[in-house]
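Enquirer: All chains, full assembly: derive it from the sequences and hints.
Chains as they are written, first to last, in our numbering: chain X, 1 to 501; chain F, 502 to 1002.
Keep in mind that the hints were calculated from the coordinates and are not lab data. Worth double-checking, as some hints may not be accurate.
[Said to hold, decoys possible] Now the in silico label distances, taken between C-beta atoms and shown as ranges: (1) D654(F) to E485(X): 35 to 43 angstroms; (2) L639(F) to E31(X): 51 to 59 angstroms; (3) Q876(F) to R385(X): 30 to 38 angstroms; (4) L35(X) to Q876(F): 43 to 51 angstroms; (5) P653(F) to A395(X): 30 to 38 angstroms; (6) R171(X) to H520(F): 28 to 36 angstroms; (7) L35(X) to D640(F): 53 to 61 angstroms; (8) P168(X) to G544(F): 36 to 44 angstroms; (9) P152(X) to Q876(F): 26 to 34 angstroms; (10) E318(X) to G878(F): 41 to 49 angstroms; (11) G711(F) to G186(X): 33 to 41 angstroms.
Glycine included, every Cβ here is placed at the ideal spot set by N, Cα and C.
Okay, here's what each chain looks like letter by letter:
Number of protein chains: 2
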Amino acid sequence: MVWMMRSAQAADFAPNLSHESEIPLYRQLYEHIALRIRTGELGRGERLPATRELAGLLGLNRTTVSAAYDALETDGLITGQVGRGSFVTGGTEPSAGGVDWGSLLDRADASPAGPAGPFANEIASFVMSRPSRELFPLDDFRASCQAVLSRPDLGSILQLGSPSGYEPLRRHLMDEARRQSLARPGDDLLITNGCQQALDLIGRVLLRPGDTVAVEDPVYPGLKNLLTGLGVQLIGIPVGADGMDTVHLERVLERERPRFLVVTSNFQNPTGATLSLPARRALLDAARAARVPVVENDAYGELRYQGEPLPALKQLDEHGGTVLLRSFSKVSFPGLRVGWVVGPKPLLDRLRQAKESADLHTDQLSQAVLLDFAQSGRLEAHSARIRQAGAARLAATLDSCRRYLPAGTRYTQPQGGMNLWVRLPEPLDAGELLPRAQKEGVAYLPGRYFAVSRLDASALRLSFAGLEPEQIRNGLAVLGRIVAEELGNASRRVEPSSALV
Amino acid sequence: MVWMMRSAQAADFAPNLSHESEIPLYRQLYEHIALRIRTGELGRGERLPATRELAGLLGLNRTTVSAAYDALETDGLITGQVGRGSFVTGGTEPSAGGVDWGSLLDRADASPAGPAGPFANEIASFVMSRPSRELFPLDDFRASCQAVLSRPDLGSILQLGSPSGYEPLRRHLMDEARRQSLARPGDDLLITNGCQQALDLIGRVLLRPGDTVAVEDPVYPGLKNLLTGLGVQLIGIPVGADGMDTVHLERVLERERPRFLVVTSNFQNPTGATLSLPARRALLDAARAARVPVVENDAYGELRYQGEPLPALKQLDEHGGTVLLRSFSKVSFPGLRVGWVVGPKPLLDRLRQAKESADLHTDQLSQAVLLDFAQSGRLEAHSARIRQAGAARLAATLDSCRRYLPAGTRYTQPQGGMNLWVRLPEPLDAGELLPRAQKEGVAYLPGRYFAVSRLDASALRLSFAGLEPEQIRNGLAVLGRIVAEELGNASRRVEPSSALV
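Expert: See the structure below:
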């Protein structure tokens, strides 16, 4: 690609940044530049001012400008070239005639680039948060398929279905939800294509461009992309060892009144953190006081490897302000897209309408197979094996972190799920470290994929559930050595590098 | 439900209606009132002015006001009570505390009520546009499932997949599309949950609230609901025997520059009309001149029972402005939600991102089963049987229309698909006739479900594909008798009734 060398002048940038806002300065700057790229004010190939120059002009810290550029690069809007500067890559391009797809598509946001693909000499890839294929109980799955294929109502399973879901599965899930006090009187249940679609439908029904939504910070990219794709401004609530910081949350809910709050009660992705019982109560109180609905994403709750389960927010909430999302995909087969939502009927009525517009209904073959998988007891047997394997993998991960990561490294101590959050010692940048780690056979996702309002460049996510304990140990031994060496190199340098922009 | 009796005053209504607009007056009035209901200006339980009163006040024909009220009722925003008037049913209601779901949900549009459910003494329900369950080749389906279950890569089918679709299926469909000249160089293919999701993703990527989209008029409710749910204004292009009126279309495209045009090239739902070859060329020329993208929905194309197939718009378009939607659901098993989109790569890249946000990917079990169903030749064998049965059903329908419907009734003469469009003689209203038809064992969907810019109260859709020829004949015999009788009654009345409002 040949770059046009016209430079955007630093003087072109005069954003109204507010030091008072909940939105951090780097994010405000990001939004300002992203908007100018998307509207075509900054054209493809234009060079952005150097970080030092723009920082001076705007009276900002240079790291703030670097963080904004970093986020723009992650989102595919600019690219950094060593020694040359940063160039606009997104935005408009003149069309060759006929329909101008480029300018039509301008208004849609580009997503961040996905995780790195497979790489040579792989020792351990901690990139994907998903179960291990080797643990799939294929014979049990085949048995459930056979049961469905021999059912007398197979024809009706293959016929056009209801937007609410395959009724026998819906009834089964509703009975389970009632038994576990997860459904209140007047609640309804809708089957979706996994939790992701449930979040999407909730967004479609409750949000308009320009609205705000409160989410965990860091949070998994699937949720960030979904919400920013709906034109929504995210407010990140910091996640600590006990999950969301509820003091911070209370202030944000009161001050900003977001349209709703999305929270992962158990084994949050990416941190692995679980909301403590007091934090659950505080969160519900704060949400109720501000009259902000709570969307409880509990895709991981069944994957507890140690400790006692905590009551769901949906169970604790006596005021009907919570909607609960669950899914088969993390505990059974992610390739079958079946999840569900339980919540107040007025909301569920609208979600069902949105579901019908989105794709009529969820695939019925998979719904019928998963119902048999659950009712035959095969799901519970499989869950037990998954939890056993998960416990060994989590133990190997925590043990290897202790043994191999150098002093000054911090990491979460999840009791379940698939992920663990690591903060490298100052001044290391997990994104900068990644190319070397990959070259030596280890991959992970750096913190910038998960950042909402606060970019923690030292952070990275380790997804351990898909790896054997041996792989985990080997991978973390390599990563620990690299971190230690880079830490040594950094301490010998006068100034930390900032290679990305 | 107890109605509050505060009445909205006719003087409250002072909409700015334009006689010049492409949007018909009744629809403008509808939008004006719907907005006031949704914003809470007109509260639940308020009585609307009588149609006569409002017509006088606004200088409109009373039938215009009635048509607006009828559409408001269809969309669940008002309800008519005989002898009492029309009352607001949608909109806000004070909440009992905690989260106020009612007011949060206000901003989402309510969908029209669905078709009537099952009814007593059913002779023939022409309501559902779907294939006959009795024709599903269950043994062939089981054989394809068995083939998938014994595949060595079953584990990877059950693992998290790609947003693009199950790669072997995607390759198969892309090869087919290239073989049929449906894919141009530089085109890409994305697998979706049927055509409905493809339309939804295109809407998400290309539309913002307030945009306009050109569609056929009448058009099936799934598309209307989807687009109005995205906050879009629809412009209806009349459909005649040769499909869309391309002269009208050309004027609309030039004047209104909609974001895109959705067109069903073969056996349109609800009319059954097929675009002639000259109309296809004229449509493409008009779209190209106005630089408006064409979304070609071809869910029914494989269901041709007579005559020669016509080239797809996607084949005829040499300028890359057309995107083609297809699906397995009408020719195989609607309960499995698998369709696909073929079009220019820049658009497809964005659709893939939107797909990932919407639900990660389409269910992989069904994708693998349908691939085997196609590659084993079972799909083609099934299609041949479906076409044979469809031909008999279509012939029975056309024959019965000729025999049983009274003079003055007009109906389309489709060469395939699932639907036929009937216009009853003046002054009959197909919606008013429906309760009596249902009581006597026959159901259909009246025209108001399909109206975009022009409400044709005399029209109704007959979906014949799911019925045996014998059922079709019996049903149309009953319907013909009812129509003839009601026509006799109407001619004895001084003035046609307008019972709905």
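Enquirer: Of the numbered hints stated previously, which ones are contradicted by the structure, given in increasing order?
Expert: The structure breaks hints 6 and 10; every other hint is satisfied.
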